[in-house]
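*Asks:* Chain by chain, the residues:
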Amino acid sequence: MIEVENLRKQFGTKVAVDGISFTVKKGEVLGFLGPNGAGKSTTMRMVTGYLPPTAGVITVGGENIETNEISAKSKIGYLPENAPLYSDMTVEGFLKFCGEMRGIRPKDLKAAVNKAIDTCFLDKVRHQSVETLSKGFRHRTCFAQSIIHDPEVLILDEPTDGLDPNQKHEVRNLIKRMGETKAIIFSTHILEEVDASCSRAIIIDRGAIIADGTPDELKSRSKNAGAVMLRARGLAGSGIEGELNKLGEVSSVEVLDSTDDSIRARIRAAKGKADQLSSAIYQMTEGKKIVIDELRVEEGRLDELFREITKSDMED
Amino acid sequence: MDALITLILQYLVPAAIIAVVFSLVLFLLPREVRTIFKRELKAYFTSPIAYVLFVVFLGISNGLAFFFFKVLESGEADIFGPFFQWLPWYFVIIIPAVGMRLWSEEQRLGTMELVFTMPIAPWQAIFGKYLAAAVIVFLMLVLTCPIVWTVNYLGNPDNGVIFSGYVASLMLALSFLAVTSAVSAFTRSQIVAYLISLVIALVMVLGSFPDVVDLTMNISGIGGFLAGLINKIGVWLHFSEMAKGNFQIRDFVFFLSIIGFSLFATAVALRVKRS
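Listed in order, the protein sequences are those of chains A and B. The opening position of the first sequence corresponds to residue 1 in this note's numbering, with each subsequent residue numbered one higher. The opening position of the second sequence corresponds to residue 317 in this note's numbering, with each subsequent residue numbered one higher.
Think of the hints as simulated: they come from the structure by calculation, not from any bench. Cβ coordinates follow ideal geometry from the N, Cα and C atoms, glycine included. Hints may contain errors.
As the list claims (entries may be wrong) - Counterexamples of contact, computed for chain B against chain A with all Cβ distances above 12 angstroms: (1) Ile352; (2) Phe361; (3) Ile365; (4) Ala585.
As the list claims (entries may be wrong) - Computed footprint of chain B on chain A, listed as stretches where at least three residues anywhere in the stretch have a Cβ under 8 angstroms from a Cβ of chain B: (5) 70 to 78; (6) 99 to 105; (7) 116 to 124; (8) 169 to 183.
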């Protein structure tokens, strides 16, 4: 549905997006991750046809966004960052306007508006002026605008920004549900959202893709993925550490906490021995009066990977 | 009674015809233009802007005509002197206020991002918004009718000339409005859009006066070029000829090309803003 090839955007001398390529198929929800200023919003603005790319090709539903602008745009629903709205309109009036602009026929307009209002839980404020809405309602009104024409492609720039935890939960479920029949790209700072609703995620830093995969694949790439967390007692911490280091399956032991009769440590496997690590540790403890309180294989964490591979502004 | 019938025939009927023709044109335009137009026109009336503009404009134009230029006492049929010849000056102040929000507000709210990701061509949005502001300008002129009624009550003016005065005023106002639209595309601040548009409109009015041209000539270096330029965009001669009933194609072409060029400049500015 969405194909992006070698996308590049330059503002003056600053390169905001530097050769990004990806595809999103129908039924896929792609999460866009990256630090502030990484180029997420700029990429989305180009995919929606708002910003013209400096170089590269974007096709949406088979239509080139630059040469077949109108028909490509008609397939897209877009929630811009900060959810802009006309403050002089009511929620219902605004949605009607957007529906008309999207070419919904007058006889279907009312039903489309009602459906969008129901989906985004806006019934309470439908006759209220946009100016007086709270941030959560503003966001949902703009979200409703993006789905009013039931588009094949949805582009959502930080769709859960400014929502309370319950609303965030609702929106994530909504994205997941709609992702079954549409192609969706959404950007977020919140890594748990990727787990909750994405089928694939891309991490962008300084205008380039630095990681691309399913959430599980990405997690398994983090440094601690596959490591074993051990909490045990019965011997002095240093003694347990010594025993662990004797094992051929262990490459390193990172002691997090050590006392006279206990230890808490993260143990990394030697190359190719990841599968046997936990059972080797277990067997080692059996003959040595060491009691295991916790033995757990870490699956890796997105935030760890994120921190490992992106540079924050502070390091610049 | 006769005066009333003449008035209806010669003033209200043409206004009604213009309104009907405008509605027809609107009906023939693409749905996208109509949708934008409707939203924009409604926005003028849901906020206090339209009402404030009407009151201020009517206060200035009617007030000055009645109290300072003494339409009532002159008893003469000529209202060019007391009324139409002052309109360009009022327009310089009031028309930028009508148009200043057109594109600066879209940029300030961020809604421009919505408009330009919808499946419409940029000219449709630009034209739709311009038309809505044009209706406000048209209504302002219609609301000056007390002056026409008064001179008709007092004497027997040539209502044909009055009508041509209105046509010229409308063309001039629409030109200023298009310039304001272009300026508002460059900035997200309404006040900046207002002030810059006001200065441009003022130069356009002053540009036809020989004194001003001479003054500009004296600027060393670019004086000649500048004087030529402001003389070219000077609206006064085009306006006054037209307002006196001397309809010439070149005057219409002049105003229409200012409108066309300015709307085109609006499109270019918005495109540059996005890239």
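*Asks:* State for each hint whether it applies.
*Replies:* Against the structure, the hints:
1. Ile352: violated (8 angstroms)
2. Phe361: violated (9 angstroms)
3. Ile365: violated (10 angstroms)
4. Ala585: Label holds. Min Cβ-Cβ 15 angstroms, cutoff 12 angstroms.
5. 70 to 78: It holds, with 6 qualifying residues against the three required.
6. 99 to 105: holds (count 4)
7. 116 to 124: violated (count 0)
8. 169 to 183: Not satisfied, violated; 0 residues make the cut.
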